[in-house]
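S.K.: Chain A is fixed; fit chains B and C onto it per the hints.
The residues making up each chain are set out below.
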Amino acid sequence: MIGFSVNGKRVDLDVDPFTPLLWVIREHLGLTGTKYGCGMAQCGACTVHIDGTAVRSCVAPVSRVIGKAVTTIEGLSSDLSNPLQRAWLEEDVPQCGYCQSGQLMSAAVLLRDKPTPTDEDIDQAMTGNICRCGTYPRIRRAIHRAAGLVAKEGTR
Amino acid sequence: MSGRKASTGMERRDFLKFSIAASGGLMIGFQFPGIGKLAFAQQASANTFMPNAFVRIGTDERVTVIVNHSEMGQGVYTSLPMLLAEELDADWTKVGFEPAPVDPKYNHPVFGMQMTGGSSSVWSGMEQFRQAGAAARAMLIAAAAQQWKTNATACRTESGAVFNGSRKLTYGQLVGAAARLTPPANVQLKDPKTFKLIGKPIKRLDTPEKLNGKAVFGIDVKLPGMLTAVVVRAPIFGAKMKSFDDSRALSMAGVRKIAAIPSGVAVIADSFWQAKMARDVIRVDWDEGSMQTFSTSQMMQQFREQAKSPGTSVRNDGDAAGALAKAAKKIEAVYEVPYLSHLMMEPLNCAVDLRQDTCEIWTGTQFQTVDRANAAKAAGLPNEKVQIHTTFLGGGFGRRANPQSDFVVEAIHVAKAAGAPVKVIWTREDDMAGGWYRPAFLHAIEGGLDASGNAVSWRSRLVGQSIMAGTLFAAMMMKGKDYDPSSVEGVDDLPYAIPNLAVESHQADVGIPVQWWRSVGHSHTAFATECFVDELAGLAEKDPYQFRRQLLGKQPRHLGVLDLVAKKAEWDKPAPKGIGRGIAVHFSFGSYSAQVAEVSVTDGNVRVHRMVCAIDCGQYVNPGIIAAQTEGGAIFGASAALFQELTFASGRLQQTNFNTFPVMRMNECPEIETYIVENNEKSGGIGEPGVPCAAPAIANAVFAVTGKRIRRLPIRLTEAV
Amino acid sequence: MKRVYAVVRVSLASLMVLGFAGALWFSRPVAAAEQPASPNKIAAAAASDDGDLFAAFVPVLRHPRCMNCHSQGDFPRQGDDGHPHTMNIRRGLGGFGVTSVKCSTCHQDHNLGGAHLPPGAPSWHLPPPSMPMIWQGLTDAQLCESIKDPKQNRNRNIDQLVEHLTEDKLVMWGWNPGEGRTPVPMPHDEFAAKVKQWQAAGAPCPAR
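So the sequence lines, in the order shown, correspond to chains A, B and C. Each residue of the first sequence is one higher than the one before, counting from 1 in the working numbering. Each residue of the second sequence is one higher than the one before, counting from 157 in the working numbering. Each residue of the third sequence is one higher than the one before, counting from 878 in the working numbering.
Bound conformation, chain A alone (with noise of 0.2 Å):
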């Protein structure tokens, strides 16, 4: 059995310990909000939160969240009050949408990392994350709105 939290609940499961934990996350716990792009940390379309790490979970073996806590686009906030979605809708970012759940996940960890982003902290963040429809300057402009309503709200 493989223990772990997703969201904040506890699973436990009756996995190969080698298995993704992108693929165990998808079929096995239904969260489908995660995407497989390119099964070997190319593309950052399978981002995931491990212990408020931004991991490629393609690559990551289940066994490495064994007693963690995994946090997936679902968990950033299914009700889109997270600062990061609401600039996101504001910027309308997403063209096809399938990179988008990647692309959140790591601009939250650069945003909790770094409140007030640079161009640079973003050209450094942000480049694991591939988007195919060209959505890249309206997440910029989408991080840049969430590190505001940040800052005017005091809260993430």
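If you're looking for bench data, these hints aren't it; they were derived computationally from the structure. Even for Gly, the Cβ is constructed at its ideal location relative to N, Cα and C. Don't take every hint at face value.
Anything over 12 Å on all C-beta distances counts as not near chain B; from chain C, calculated [unchecked claim]:
(1) D958
(2) G959
(3) P999
Pairs of lysine-lysine, PhoX-like flavour, derived with a Cα cap of 25 Å [stated by the list, open to error]:
(4) K733(B) - K9(A)
(5) K733(B) - K723(B)
(6) K1046(C) - K1071(C)
(7) K359(B) - K346(B)
(8) K152(A) - K359(B)
(9) K68(A) - K114(A)
(10) K572(B) - K378(B)
(11) K485(B) - K464(B)
(12) K68(A) - K1046(C)
(13) K637(B) - K396(B)
(14) K9(A) - K485(B)
(15) K359(B) - K838(B)
M.R.: Leaving out everything else, chains B and C in the frame of chain A:
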């Protein structure tokens, strides 16, 4: 796909044909020219008013717009509902969308089948969705007037309700009464001056569910008892399987079945990872076939040879050869572009529930009608027994409109073997190796100037594979022509006033499956022609922008975007130190696009700092979406120009994933500004026209800063001339 | 907004030249601060045949498996050509990457099976910015002195240094770098023996 805007010859009165169903429920059928069959909308239920195939209104005030085009990022789940809601005077906060099932009534009004492509959804749906909204509104007004015992003309509508003086009935309150009414024979469309939604940057309706993981893409579909499959496919196009050894794989955890299917060996398991692990240990012996010696470098060499002889004439104004012989100055250049993968973020996938006499398919497709027909054939069922549930598409770019429905048909074969609902998932590597690429092309161009530096001759000779040849579209698209219009689009209508102009096409016969890739032929013709115009300007010792202006005197809309982009990019001022500026203009899919790129080059690496885009797509619906598509198109084009190339050696694809076929990333992305031209011209497309100008604008900017001409994509400065 | 981020991909040769110049430029004050002796004096003291003991294992240190994280610049490198790590990866505070792109975002504590999948070892990271341990461009003598210098080697004495070189799991990864990567060019036993020989002789450094 190639979407030259066709005239439908369709009159409004022919467009809507109403009929009352025998049951007394309200239905409206649409009849389209060339289809000849009257199709009926499903019957409205007790709590809904469904005046036609495109809208359903509930007693809960919800207005659901049924959208017959697939949402692949281009915003049709917003722009098409906007058209309907505008005429309906709906309360926009109550408007939602629903993907249409496969049914002839949802056919593309111009292309005659249900599909998404050619940057055509909005312009082709403009009339359709507005009419549907206006018809529904008329019936709601009639129902209210009846209740109030007044004239319809005494009523007005606003934000989801009918008003008469101080009286008000919401659309939800009128559902029952409206459903009993006879639809109007004619409806009046709004005066564009009164538009409340159309023309506004309305936020997309599909954004919320794309921010919390709830949006369902094909890969997310889960059916009760569903298995997951991956397939071992041929490593070389045309290779045939001789035998396979699955002894190890069969004993692996979760593996349910391993079966030979026409495209290879399907491994069917409880989960994706189990299927993939098992697949990786299957050994297949292939008869590698005639493509085993194929290499792209040899192919390009053959293309170069082929370009030395005349091709099929596509356009011949004046006497290009004669004028060239007499030209004061001449120049020739050969441009080459590689095979490209669409590389949608969501790899191909398809879920199938195949029963004795029905087949249900869940997938992100651009090609419902074709997929249904191909799936029915593979399943051995009549068309009407096959239904497709269109999910969100994690990018399409043309790949999910496959003439052979490759990823759907294969899933039917897997489902036959599985004996249970099954989802076939392609790994990224499978997706990239799966073929149906943007064809590689070679353009050899010769041009001449007279003594005053005026362009007097131009001859373009193209060599490349046809997308249409051999498909069911060949007859439709190549009708009466012995060349493929999609190979030469963008050069056959070269807008420059050059009196002697010849365009010739060589159709190469190569065993690599090719397909429309965002902007199709324009993806390479714009690169070749707009770089060559720059080369001619250089030969004439003229400014590239002014040189184009002189040749575009009779092309006001080309000139409009060109002037706009030059002004916004401050073309007349010198570029910052170390920065080169390049310009390009191109017409495609009914829209005019011009872009200026600013680049720097350090140790052979090109960095694009800024792109300024101007777009003229005529009357538009949602400027927010237009800006997003234009920006996204420029980035898509820039990715290809800077990084992307598929190569083959010994018949095998050399690229496998994002590490070897890179996509532009955040830190490489330029600042982009987009300006939309305001006019009342006929609507054009927007999904693709942002792509073609990016490569030539960047290449011309590289020349401006390095003095090196870029004649091959992706840009490698070591190869520049 | 951002303007200039041209990450330059230069040839290894030119990097070595640049790195050499850079290393000379900043290694002087460091060396001067750390020892009573001047750099010249260090070189003179080490000018013995014992220097060969260091040279015997230095090819391991200079191999791309080691140099890719001990190289010039505030970022890791990849491949046998030492190109900058794709995706704009940065050293970050502590050498563990920045914000949402930590080393552990992609790298596990073990290599992943399959070509081009992220390699891994426990505590996968770069030297921290406060002590970046940049070897690229150093002469053998400078490299030897730098790894011995507690101010440049995270406060290790010679015994701890030898333990790090011969037993640390991240260092050991160099012998087992995963599919598609060239391992360091000397068997581990041989390397460990040579390092210990060098230690036994008083960890002498080459003259230059």
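S.K.: Of all the hints numbered above, which does this structure not satisfy? Sort the numbers upward.
M.R.: 4, 13 and 14
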